[in-house]
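Participant: What follows is each chain in one-letter form.
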Amino acid sequence: MTTISSRAPAWRGIATALAQRLLQAVLVALLVGTLCFFMTRMLPGDMAYRIAAGRYGYDMVTSAAAEAVRLELGLDRPWLAALGDWWQRLLQLDLGVSQVTAEPVMVEIERQLWPTLRLSVLAMFLSLLVGPLLGVLAGLKPGGLLDRVTLAVSVVLRALPSFLLGLVLVLVFSVKLGILPAAGHDDHGSIVLPALTLALGMAAVSCRVARDAMVQVRGSAYFAFALTKGLSMRQALLRHGLRNVAAPVIAYLGVQLVYLVEGVVLVETIFAWPGIGHALVHAIFGRDVPMIQGTALVLGLMFVLFNALVDTACAFIDPRRGAGHAA
Amino acid sequence: MRRPAPVRFRRALLAAAGTALLPWHAARADDRGQPHSHVFTAAAADVLTVVGPWEMTGLDPSRAGYMFARMEVVETLLDVDGRGRLQIRLATRWQVSADGLEWRFTLRSNRRYHDGTEVTPESVLACLRRAHGRPGVLSMAGIRSIAVDSGAIVFTMARPFAPLPYLLTHSSVQILAPASFDARGNVVKIIGTGPFRITSLSLPQQFNVERFAGYGGLPIPGLVQRARYISVARAETRTLLVESGQADLAFSLDPPSIRRLQRSPKAVLLAEMLPRTTFIKLNSGHPLLADVRVRRAISLCVERQGIARALLRDPDLGATQLFPPSMRAWHDPSLPPLRTDPLAARTLLEQAGWRLGADGIRSRAGTRLALTLTTFVDRPELPLIATALQEEMRQIGIAVRVVIGNSSDIPAGHRSGALQMGLVARNFGNLPDPVATLLQDFGPEGGDWGAMGWRNGEVPGLLQRLASGTQAPPAQQQADRARVAAVLQSELPLIPVVWYRQVCATSLRIDGASIDPYERSYRISQLSWK
Chain A
1 MTTISSRAPA WRGIATALAQ RLLQAVLVAL LVGTLCFFMT RMLPGDMAYR IAAGRYGYDM
61 VTSAAAEAVR LELGLDRPWL AALGDWWQRL LQLDLGVSQV TAEPVMVEIE RQLWPTLRLS
121 VLAMFLSLLV GPLLGVLAGL KPGGLLDRVT LAVSVVLRAL PSFLLGLVLV LVFSVKLGIL
181 PAAGHDDHGS IVLPALTLAL GMAAVSCRVA RDAMVQVRGS AYFAFALTKG LSMRQALLRH
241 GLRNVAAPVI AYLGVQLVYL VEGVVLVETI FAWPGIGHAL VHAIFGRDVP MIQGTALVLG
301 LMFVLFNALV DTACAFIDPR RGAGHAA
Chain B
1 MRRPAPVRFR RALLAAAGTA LLPWHAARAD DRGQPHSHVF TAAAADVLTV VGPWEMTGLD
61 PSRAGYMFAR MEVVETLLDV DGRGRLQIRL ATRWQVSADG LEWRFTLRSN RRYHDGTEVT
121 PESVLACLRR AHGRPGVLSM AGIRSIAVDS GAIVFTMARP FAPLPYLLTH SSVQILAPAS
181 FDARGNVVKI IGTGPFRITS LSLPQQFNVE RFAGYGGLPI PGLVQRARYI SVARAETRTL
241 LVESGQADLA FSLDPPSIRR LQRSPKAVLL AEMLPRTTFI KLNSGHPLLA DVRVRRAISL
301 CVERQGIARA LLRDPDLGAT QLFPPSMRAW HDPSLPPLRT DPLAARTLLE QAGWRLGADG
361 IRSRAGTRLA LTLTTFVDRP ELPLIATALQ EEMRQIGIAV RVVIGNSSDI PAGHRSGALQ
421 MGLVARNFGN LPDPVATLLQ DFGPEGGDWG AMGWRNGEVP GLLQRLASGT QAPPAQQQAD
481 RARVAAVLQS ELPLIPVVWY RQVCATSLRI DGASIDPYER SYRISQLSWK
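Which chain is which? The protein sequence lines are A and B, in order.
Take the first sequence: its letters are residues 1 to 327, numbered as in the working numbering.
Take the second sequence: its letters are residues 1 to 530, numbered as in the working numbering.
The following block holds chain B by itself, in its conformation from the complex:
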């Protein structure tokens, strides 16, 4: 039986559509020009895969510059080692004038950008001036001018600023080749000087790198030659990527994933304490919190070891002082540790005039001891810790309402003065010398992420002296730092809760992995295949 023409036409159309769909997908997978084997291999055999939650939100150094630094594509004038000590990078040495107002950085000779052009003092100067002209770390130093003088970079300062070399290690001050910028000064390409150069980039999710032959040094067989970074938003997915062998390094893992990977035969976990502390930022100007006895009572009721064990699965992270042991210059082992003593906390509140009411909440002259604790979800552990603190404070008679919003609530609440208590995690290692960060946090007006409404005549002065003392004897500097730590410990403008440990999962096929406590580098140039 012959079918009518429309029916045949429709059949033919359907069959064509069906057959067209299948090869389409197969073709799409291959059109990136990358070699693929026909059978799926867990990860490309010689490409190291790094996964983390961070997306590349732009090429500008102030945006995703830290990611290009971590993958060792770009460099800064100076660097720090794992202990926070300054290391040379594009600059080979530096000196400061006796009055601390002129800094001179000598550049390394014969260095080349990834496009083959030479690293000239002028090209470095252009990057530094660009960074200085934008909001960022250089704006806090009081730099009057940056210039080139007989091949060296010269900073002229409005006032002495000792941490300047540390500011120059920040990823927003990275050095890019002149060809990286368009006519209007926007970054259009990442052409750095690091041991790896970018081979392909698909914002915001992924970029691939390969070893840059012009970096110098002899080729060592077995070292990782090619790598890629993939932004993977969810911690579960990052964990599964390592477990399936698709990823070789996975960063920022949550406690349940860490426990899962501890039992997995397919991954090795590395851990390193980071200079990050989770603390309660208190509005010391608030009528209920102005009394240091109330702040101490809150500190005494916090079960730091319990929170660390139950919520972070790592009992060593209970904070005995604000600065974690990884901040070697600032952590003072001789400082009496913060302790947990609910009985003493209750006594302190009694002494401050707060009497227990029938509902278990204290009040004084008709005012209930009720406070709001604001926190945010950018770090998943914060809301959990906040609810634990709520219960611990309830047990000593303080009613706490937990408000979970987003990170903007903290600086905005600081500015408006409406914030009462905020649970925040602060990275003191943003700059390897925390003085600049601490100046922001404990300045006379307090800081968005630091003290609030806290009047102290001593700490701002000590920090100022540390910041300006380019020629100060080390012993005096150490004494100043110890004094700052001691005052913060007794006055408690911030109540430390837990420290932070970065955990990284590595696949079994690589050797030589380590964690940079300053989160500046993934150290992939040191990795080799097993």
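Pulled out of the complex, with its shape left as it was, chain A reads as follows:
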């Protein structure tokens, strides 16, 4: 009986958290879609001409072609009607039809979501593999050689825009060494460079976060106690250090998601990686409103989902947060 009564509030807590996330997702969907709609309408240039250029190439666009597009897509409808239409369809989980390719946006996104997820997850994984590890090692000896080197490298990596970092990586690994494909998606290993580009930028920050956390843990009373009671450095680190270091690193991951989502857009374009970010850029050039709304929506929802995962992981690692001990 005691176990049941102590578990019930936990499940209720999870349900509340899930409901909150769902509400957040719905709000993000509405907000992102509406903002995209207005921003596309405010972009300079006539939409009908842009869409026609996206379809047939700008050389082939004449006023006649643009008028045909305008008529076909009903672009001269009042904007309120067009927006209302989109909201209504969104409620039915229908994202509309791409104005450039004439395929359902859902079909296109299905095709692009998987490559983007693969890229993002691998990037996150690589960044967590490299960043915190170096950070912990650096934090064990603050001011040491490793600490100073990682500081310098982190600053450089974080300061480099991802497109520049990507080009540098291609120059080194593809052109000079010839060991990895420069771009594309169906050569073996072609995910490595785009993932590494994203990962290094993120690792640069998580390395510093882990380092600071490690310094703090190293100076704490419980860590000193662990050493005093006879544990080796390795044992103390594994049993009392890592979990405490992990908490801020994982929490900061939530902030880094912004970098990831923004980076995906740039990195996919540079590496010709057929994902959602790449599609978003092309949709903006082609003024393909349903496609912009759809891709931005998915990127927004990805952000919500990853954030939820990060929160769950935080609660998982730091029992104080879940049980209210921290207060």
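None of these hints come from the bench; they were simulated from the model.
It cannot be assumed that every hint is accurate.
Pairwise CB distance ranges, derived in the manner of DEER restraints [claimed, not checked]: (1) R243/A <-> L508/B: 48 to 58 Å; (2) E262/A <-> G133/B: 39 to 49 Å; (3) E262/A <-> E122/B: 48 to 58 Å; (4) A213/B <-> G74/A: 41 to 51 Å; (5) G133/B <-> T16/A: 56 to 66 Å; (6) P383/B <-> T16/A: 46 to 56 Å; (7) V26/A <-> L508/B: 39 to 49 Å; (8) T372/B <-> R77/A: 26 to 36 Å; (9) Q92/A <-> L508/B: 17 to 27 Å; (10) R523/B <-> A152/A: 42 to 52 Å; (11) M39/A <-> D378/B: 13 to 23 Å.
Beta carbons are placed, not taken as given, at the ideal position from N, Cα and C, and that holds for glycine.
Take the given structure of chain A and dock chain B to it, following the hints.
Facilitator: Below, chain B alone, put in the same frame as chain A:
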């Protein structure tokens, strides 16, 4: 010490998650069913890789049809060679009636589509009718009907239209097998007749092809058998793909990339002049530009060789007339070339009544000589050229504001009449016989991408005669073309700035690469491995 169960559970979960991630990515790379070696090889050993900026925005011939044509998957009734001369393709011969109102195209026999079905006159007719029913090149010809008559395709025209065979070379008029279409007439599969057939297609980025055994001809050892096209948006990436050996042919390279590749030991550059000209489209109906002396002054201040050398890194591209030398029928070497002479430009403006003010800008009766030059970013060199022109015009006393928008501003500005000057690049080779394009550009109302507000009694008539003259003697046609070029040179409804050269980078492992000046084909069927 035994840990509490939740801790063990969490450890196990974390370890499982960690180990699950690694093979996932490895597995993903292989699930396309393509052979991969374990060590990365720069490019699959026997697959030719072509990269360009163009995305396949759909299967319909009017959308990405040109890409399937360039990779030699689909064919048209007729084709042109590198000099723009008509060649037979699915049609073996054609004839036109004496009144120019009936065209008859005889089809090649025993041709098969990639799905093995025979190319019948009816299947060809269905594609032609479909193309005619949509906005596109066939709509400009005045076709009354298309039918099959004793195995031949017969076009009945509302009026004589000499460039019809050239319209039939356009990629939007390509011939696809009946199985390519669904019940509603949408293209769902690309089943063509070309030397290559599609093996896999992932829109919008990539498709793979292999040689089609039923195309005919004896197999020649060493020829490229398999190829793929990958759309790569950025020029830097395309350059690096060639340099790393991953790509064999890279198209549409920007000047900095070209310079980089010129020094690279891993690539060979090919160049070919294309029938594309960058010019200033002028609103000749605008009060400041209606005077031909002002237009000539603008032309005289343009340093074409300088722009070509500094911005395009290719001094030969300075345009001495509207039509580049690659348009053999239209380029007239005897025409006095457009020249640069700022002094003469200033004199012309003086003669037109424009006096230099204290701020270095001319004015007349209280009106400043200030104009807007609109251009767009679809071609990256245009904004650079626009700012160079701005400075050159300032030096003769014309204030220019450069507006960089997108390509829709030009046709939209043409329609609204708000456009003053636009810097555009026009491809006269969209159709291998430019008459149809020029009819659009220099018609009585001008054209979206051509003249604007320009009243000329002669040129539209000459173009009309060239378009309808199916039986006209070649000498008269040549004289008409020369006259059109001469009038455009002296009246300057468009001010030519630079011509265009397509540069293609090829890897060192292929032989026989060449550029089609009409951008219709990558000629991969002629390529062989070294």
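Participant: Run every hint past the structure and note whether it holds.
Facilitator: Verification of the hints:
no. : hint                          : in the structure
1   : R243/A <-> L508/B: 48 to 58 Å : holds (55 Å)
2   : E262/A <-> G133/B: 39 to 49 Å : holds (45 Å)
3   : E262/A <-> E122/B: 48 to 58 Å : holds (54 Å)
4   : A213/B <-> G74/A: 41 to 51 Å  : holds (47 Å)
5   : G133/B <-> T16/A: 56 to 66 Å  : holds (59 Å)
6   : P383/B <-> T16/A: 46 to 56 Å  : holds (54 Å)
7   : V26/A <-> L508/B: 39 to 49 Å  : violated (56 Å)
8   : T372/B <-> R77/A: 26 to 36 Å  : holds (31 Å)
9   : Q92/A <-> L508/B: 17 to 27 Å  : violated (55 Å)
10  : R523/B <-> A152/A: 42 to 52 Å : holds (51 Å)
11  : M39/A <-> D378/B: 13 to 23 Å  : holds (20 Å)
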